[in-house]
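Generate coordinates for the entire structure from the input sequences, incorporating the hints supplied.
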Amino acid sequence: MSEITSQYLIDHFNFWVAVVLMMIGLYAMITKNNLIKKLIGMSIFQTAIILFYVSAGVKEGATIPILEHHVAETEQVEAGEHAEGHSTTKASSSHEVHAINPDDYSNPLPHVLMLTAIVVGVATLGVALAVSQVIYKNYGTLEEDEILAKIKAAENDG
Amino acid sequence: MKWVGLIAVIFTGGLLLSAMDDFPNWGDAHSPANASPVSQYYIEKTIEDSGVPNMVTAVLADYRGYDTMFETVVVLIAGIAIMAILRVMNGVPGGARPSPAHEIGDQHDIIIGTTCRLLIPVLQLFALYVIAHGHHSPGGGFQGGVILGASFILTAIAKGLDPALERLPEKRYVKLAFVGVVIYSGFGVACLLLGENFLDYGVLQVLLPTIDAAEARSHSMLGVEVGVAFTVSAIMFAIYANLASKGELEGGL
Numbered sequence: 054m055s056e057i058t059s060q061y062l063i064d065h066f067n068f069w070v071a072v073v074l075m076m077i078g079l080y081a082m083i084t085k086n087n088l089i090k091k092l093i094g095m096s097i098f099q100t101a102i103i104l105f106y107v108s109a110g111v112k113e114g115a116t117i118p119i120l121e122h123h124v125a126e127t128e129q130v131e132a133g134e135h136a137e138g139h140s141t142t143k144a145s146s147s148h149e150v151h152a153i154n155p156d157d158y159s160n161p162l163p164h165v166l167m168l169t170a171i172v173v174g175v176a177t178l179g180v181a182l183a184v185s186q187v188i189y190k191n192y193g194t195l196e197e198d199e200i201l202a203k204i205k206a207a208e209n210d211g
Numbered sequence: 255m256k257w258v259g260l261i262a263v264i265f266t267g268g269l270l271l272s273a274m275d276d277f278p279n280w281g282d283a284h285s286p287a288n289a290s291p292v293s294q295y296y297i298e299k300t301i302e303d304s305g306v307p308n309m310v311t312a313v314l315a316d317y318r319g320y321d322t323m324f325e326t327v328v329v330l331i332a333g334i335a336i337m338a339i340l341r342v343m344n345g346v347p348g349g350a351r352p353s354p355a356h357e358i359g360d361q362h363d364i365i366i367g368t369t370c371r372l373l374i375p376v377l378q379l380f381a382l383y384v385i386a387h388g389h390h391s392p393g394g395g396f397q398g399g400v401i402l403g404a405s406f407i408l409t410a411i412a413k414g415l416d417p418a419l420e421r422l423p424e425k426r427y428v429k430l431a432f433v434g435v436v437i438y439s440g441f442g443v444a445c446l447l448l449g450e451n452f453l454d455y456g457v458l459q460v461l462l463p464t465i466d467a468a469e470a471r472s473h474s475m476l477g478v479e480v481g482v483a484f485t486v487s488a489i490m491f492a493i494y495a496n497l498a499s500k501g502e503l504e505g506g507l
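Protein chains in written order, with the numbering used here: chain A, 54 to 211; chain B, 255 to 507.
Take the hints with a grain of salt, since some may be wrong.
Listed next, the stretches of chain A that the computed footprint assigns to chain B, with coverage defined by at least 3 CB atoms under 8 Å from CB atoms of chain B [claimed, not checked]:
no., region
1, 68-75
2, 78-86
3, 101-113
4, 152-162
5, 167-174
6, 184-192
Derived DEER-like restraints, expressed as beta-carbon distance ranges [to be verified]:
no., chain 1, residue 1, chain 2, residue 2, range
7, B, Met274, A, Ile171, 24 to 30 Å
8, A, Ile117, B, Arg371, 30 to 36 Å
9, A, Thr58, B, Leu446, 56 to 62 Å
10, A, Glu197, B, Asn279, 17 to 23 Å
11, A, Ala152, B, Asn451, 27 to 33 Å
12, B, Gly268, A, Thr58, 14 to 20 Å
13, B, Met274, A, Asp157, 26 to 32 Å
With a straight-line cut-off of 25 Å between C-alpha atoms, the simulated DSS-like cross-links for lysine-lysine are [to be verified]:
no., chain 1, residue 1, chain 2, residue 2
14, A, Lys205, B, Lys256
15, A, Lys203, A, Lys90
16, A, Lys190, B, Lys500
17, A, Lys203, A, Lys85
18, B, Lys429, A, Lys203
19, B, Lys429, A, Lys91
20, B, Lys256, A, Lys90
21, A, Lys85, B, Lys256
22, A, Lys205, A, Lys90
23, B, Lys429, A, Lys90
24, A, Lys190, A, Lys91
25, A, Lys190, A, Lys90
26, A, Lys205, A, Lys91
27, A, Lys91, A, Lys203
28, B, Lys256, A, Lys91
29, B, Lys500, B, Lys425
30, A, Lys85, A, Lys190
31, A, Lys85, A, Lys205
32, A, Lys190, A, Lys205
33, A, Lys203, A, Lys190
34, A, Lys203, B, Lys256
35, B, Lys500, B, Lys429
Think of the hints as simulated: they come from the structure by calculation, not from any bench.
Where a beta carbon is used, it is the ideal one built from N, C-alpha and C, also for glycine.
Quick look at the structure:
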């Protein structure tokens with residue numbers, strides 16, 4: 054039992070949380086009647102995706118993907134440290150080249166992707182809120198069924 | 255209707271949860287995402303290629319420069335879209351439309367006013383630090399830009415929208431937003447003119463006060479981060495100002 058718990062829950066806890074958050078967000082987007090609640094669902098969904106990506110980039114015992122200045126300048130290359138034997142001994146003119154073990158730093162790529170995704174998410178959320186404001190101005194409500202009813206009534210009149 | 259949605263959600267979630275066993279374990283350094291040669295290259299070669307210790311900024315502004323540039327354009331377009339959707343032009347300059355919210359904004363609360371007067375300069379200074387130091391410590395154009403935009407939003411919340419718009423009028427923030435994208439793409443075009451690929455900063459060593467191509471990349475990253483910060487801060491404030499005043503840019507919340 055404990056082995057199964059560990060295998061399915063503990064080792065993938067962040068992914069569980071991401072999937073559950075995604076389900077909550079998706080449910081809100083599909084079933085909620087109020088447009089603002091749909092947007093809240095969209096934001097929750099977005100949070101789930103961000104959590105998923107950042108979780109995928111975590112390495113146990115690794116630090117943030119920023120090299121320390123003094124470490125970077127004093128650490129010496131130990132040849133053959135890497136299994137693949139990267140030739141890192143080539144020194145550029147101004148920067149000493151060092152053996153950097155990729156396992157010591159968490160994966161920078163998901164962080165980059167999510168960094169831009171967060172800001173663009175805020176901007177697109179702003180557009181969505183602007184559209185909701187205009188809808189409210191024109192129809193006097195943000196409930197989806199009432200808006201649809203008003204559109205239908207307007208069509209029948211015209 | 256709700257049942258259909260619930261079934262769809264449970265089906266999607268169940269599908270993902272049933273695949274959970276195949277997901278990499280938490281903190282696994284050798285999961286496909288972490289062991290990919292791309293990610294390893296970024297970690298190992300960033301300092302050699304550009305001399306920038308912050309790999310996130312290096313990937314953001316250099317290796318994936320196209321992506322970031324067009325993300326900035328997306329932010330700009332989102333801001334323009336909000337203005338196009340909401341902005342109300344009432345013909346009369348300064349539009350003489352008295353609103354009750356306007357008068358509420360004029361009542362100064364001494365605690366809020368004093369706190370903001372103390373807080374906003376520190377916020378803005380910190381934002382500039384985050385932008386300028388973004389390639390050596392956690393930070394960068396997006397983060398610093400958001401902090402800078404937040405300082406103007408704080409002014410608007412605390413003192414009303416009109417004092418904030420006096421400091422950053424609509425004409426100025428629209429210009430700033432465009433200047434940011436122009437700065438970013440300007441670095442790319444400068445590379446083109448010097449005979450290299452778009453956004454291949456190494457060739458800019460003849461233009462910037464640097465001694466080698468790696469340092470030119472480092473300096474160019476700072477330049478494009480400044481561009482990103484311009485656009486992001488201007489658009490963040492534009493979003494708030496337009497949403498808070500229903501596009502009338504007066505009175506506010």
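Checked hints:
1. 68-75: Check passed, 5 qualifying residues.
2. 78-86: holds (count 4)
3. 101-113: Holds: 6 residues of the region 101-113 of chain A have a Cβ under 8 Å from chain B.
4. 152-162: holds (count 7)
5. 167-174: holds (count 5)
6. 184-192: holds (count 4)
7. B:Met274 <-> A:Ile171: 24 to 30 Å: Holds, at about 25 Å.
8. A:Ile117 <-> B:Arg371: 30 to 36 Å: holds, 34 Å
9. A:Thr58 <-> B:Leu446: 56 to 62 Å: About 57 Å separates the Cβ atoms of Thr58 (chain A) and Leu446 (chain B), which means 56 to 62 Å holds.
10. A:Glu197 <-> B:Asn279: 17 to 23 Å: Given a distance of about 42 Å, which is not inside 17 to 23 Å, the answer is violated.
11. A:Ala152 <-> B:Asn451: 27 to 33 Å: holds, 30 Å
12. B:Gly268 <-> A:Thr58: 14 to 20 Å: holds, 19 Å
13. B:Met274 <-> A:Asp157: 26 to 32 Å: Holds: the Cβ-Cβ distance is about 28 Å, inside 26 to 32 Å.
14. A:Lys205 <-> B:Lys256: Holds, because 22 Å separates the two Cα atoms, which is no more than 25 Å.
15. A:Lys203 <-> A:Lys90: With a Cα-Cα distance of about 20 Å, the restraint between Lys203 (chain A) and Lys90 (chain A) holds, given a limit of 25 Å.
16. A:Lys190 <-> B:Lys500: holds, 9 Å
17. A:Lys203 <-> A:Lys85: The given pair, whose Cα atoms are some 18 Å apart, holds under the 25 Å limit.
18. B:Lys429 <-> A:Lys203: Measuring from Cα to Cα gives roughly 40 Å; hence the hint is violated.
19. B:Lys429 <-> A:Lys91: violated, 33 Å
20. B:Lys256 <-> A:Lys90: holds, 15 Å
21. A:Lys85 <-> B:Lys256: Between Lys85 (chain A) and Lys256 (chain B) the Cα gap is close to 8 Å, so the pair holds against 25 Å.
22. A:Lys205 <-> A:Lys90: holds, 23 Å
23. B:Lys429 <-> A:Lys90: violated, 34 Å
24. A:Lys190 <-> A:Lys91: holds, 18 Å
25. A:Lys190 <-> A:Lys90: holds, 18 Å
26. A:Lys205 <-> A:Lys91: holds, 22 Å
27. A:Lys91 <-> A:Lys203: Status holds; Cα separation ~20 Å.
28. B:Lys256 <-> A:Lys91: holds, 14 Å
29. B:Lys500 <-> B:Lys425: holds, 18 Å
30. A:Lys85 <-> A:Lys190: holds, 20 Å
31. A:Lys85 <-> A:Lys205: holds, 20 Å
32. A:Lys190 <-> A:Lys205: holds, 18 Å
33. A:Lys203 <-> A:Lys190: Within the cut-off at roughly 13 Å; holds.
34. A:Lys203 <-> B:Lys256: Cα-Cα ~22 Å, so holds.
35. B:Lys500 <-> B:Lys429: Judged against 25 Å, a Cα distance of about 21 Å means the pair holds.
Of the numbered hints stated above, those contradicted by the structure are hints 10, 18, 19 and 23, listed in ascending order.
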